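Chains W and S supply the protein sequences, listed in that same order.
Heads up, the final residue of the first sequence is numbered 305 in the numbering used here, and it's a clean run with no missing numbers.
Heads up, the final residue of the second sequence is numbered 1355 in the numbering used here, and it's a clean run with no missing numbers.
Think of the hints as simulated: they come from the structure by calculation, not from any bench.
One or more of the hints may lead you astray.
Dumping the calculated SDA-like pairs for lysine to any residue here, alpha-carbon to alpha-carbon at most 20 angstroms [what the hints assert, rightly or not]: (1) K261/W to P1167/S; (2) K1335/S to A1197/S; (3) K292/W to S1166/S; (4) K92/W to F1320/S; (5) K92/W to R1321/S; (6) K261/W to T1323/S; (7) K126/W to K261/W; (8) K261/W to S1166/S; (9) K299/W to R1130/S; (10) K299/W to G1131/S; (11) K92/W to T1323/S.
Partial list, computed: chain W residues near chain S (C-beta under 10 angstroms) [unchecked claim]: (12) S2; (13) L34; (14) R93; (15) A105.
What you are looking at is a predicted structure, and each value in this text was computed from that prediction instead of being measured.
Beta carbons are placed, not taken as given, at the ideal position from N, Cα and C, and that holds for glycine.
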Amino acid sequence: MSEFIQQAINGLRMGSVYALIALGYTMVYGIIRLINFAHGDFIMVGAYTMIFVIPVMLGFGLPAWTAVAAAVIVASAVGVTTEAVAYRPVRKRGTRMSALITAIAMSLFLENLAQVLFTSNPRVIKASIFSLPAVQIGAVKIDGTTLATIAIAAVTMVGLQLFIHKTKMGRAMRAVSEDKQASILMGINVNRTITLTFAIGSALAAVAALMYCAQYPSVMPTMGSMLGLKAFVAAVLGGIGIMPGAMLGGLTIGLVESLSKAYSATLTGGIITSAFSDAVVFGILIIVLLVKPAGILGKNQGEKV
Amino acid sequence: MKMPQEIKKASTMNLIAVAILLGAIAWLGFAQVFSSYIVGIFWLSCIGIIMATSLNLTNGFLGQMALGHAGFMLIGAYTSALLSLAMVRADVLAGEGVQQLIRFVICIVASALLAGLFGILVGIPALRLRGDYLAIITLGFGEIIRVVIQGIPWAGADGLGQGSASPVLYKTGLGFNNATKSHYMFFIALLTVLCVAVILTFIRSRFGRAIISIRDDEIASAASGIDTTFYKVMGFAFSAMFAGIAGSIFAACYSSLNTGNMGFMASVNYFVMVVFGGMGSITGSIVAAIGLTTLNEALRSFDEYRMLVYSVVLVLMMIFRPTGLMGTYEFSLTKTLGRFRGKGAGKKQEEEVQA
């Protein structure tokens, strides 16, 4: 039983990383109906920023996690630039298909740019990001990194909810995602709102990068693609465009992944081994899309002819 | 209306042109004129052509964005490799020459059937979705296929009974050497021409028209009595079948298979070909497949910059020319010749085609 709880806590840790990334996907999808394939690569941008900033921060005598501030700024800048340079002109002229192709192209661009700049060899963050003591509850031991990860995720999500629901900017975001045309008529600057959404989404990706690197300190150009895909699955699972859905979906995916890695081999008599864990995640996506395409928290919408 | 006689004339001319092309390739291949480097590019171009034209069927003509095409290619490649390996180990048609050719053909047929079957299996659930969701679900299926093949004990290492679960299959059972590859140039070219011809015929048939009408307006075509689900799944499975054939050629091209090379990035690679050439233009796909494959090989030493440039070009293309280089243009030999003979004649024919 204690092993099960241990696995579940690991799942929650990974799940909170997925949740933060999924929030970025969901916010962007909610506002411009685009799957931002490059979102996973914003994580990579954040991680590389930290690689360079952590030694500087340590030099100033600050703890390593403060490097996340720089990561947030750089990732937001990259996110906003991506939107302004690529997505906006395509959105003006093209169809949704061409927007999606642009998103894939931007993802390729960022990955290959990183490959050119930093080579494809993984770089390791040597400093430990959170140096917190482990907590022992009965037979279950929770290490400091896990606690910090879950705590940061919780604080960020609550903060985001407050921002979306209590501020004017947040209200503008919700308005644009509900009806773009009407919100233009209400005097909302739609383009600025979209830019803000991208900035926040990328900032969340940078925070997720901090949490991810605290556990797996190896950084490489393609690290974002799988992470991004799984987070996207999480966003779809919860109901894309719905923020609490992204959180729920992220945690679910984290739990399922962790538990399926640990127990699928014993449960299926060795047929489905831990090597299949990625397939399990995509399998969940497929089942969700078939059973309830709108996601767990989503409402089915009829189609207008 | 075009006169049947003109159609007859046109198809004879096309046949002669294709025969000349194939004859030239056959002569060059059997005489082993080219270096193994050029032969390799030729093989990869043929694989690219089959992959791009078949993907164009789903993306351009059916209008459904599929991102898992490499998954079907993977199925085809592994089917061929393992089947051939089994035949060699069982000493059935294990020899060189004609026996090898028959073995190859059997493998191709098996690959096409199996990939087509998986196309149906994947297509039925996936095609209930549209647009972005379809892109993601096909991507998911592609990854699942890859991960599952990696996990199958007899599809890794030495294969079959001596295998173990791993991303690399070292013995493919086909894996032609350079001289054989040169000899098979004719066969591969013939196969590619056949595949393209079948895809073209399919598009121009009743089924193809149904598929195009679904692209243009799904609700309207359903209202006109087209069984949209059936035609969507059919188009998708058909396209998967050709990916299986391409995979089969791929297995013959290399002595080992690596699932890592045929993941999401490979799908994107073929997808880029389709987009560059123009979604809805078979000519465009062929030109893009040959062009990009050759460029890929020529720019091997700049490999890391290559993808960087591709991605920038892709974005620029989406901004300035979202229809791709060719749009929906199709090359026609008779029309081009007509234009050479005299502008009036060419124009007249064009008008006739449009009417």
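Q) Among all the numbered hints in the text so far, which are the ones the structure does not match? A) 3, 6, 7 and 12
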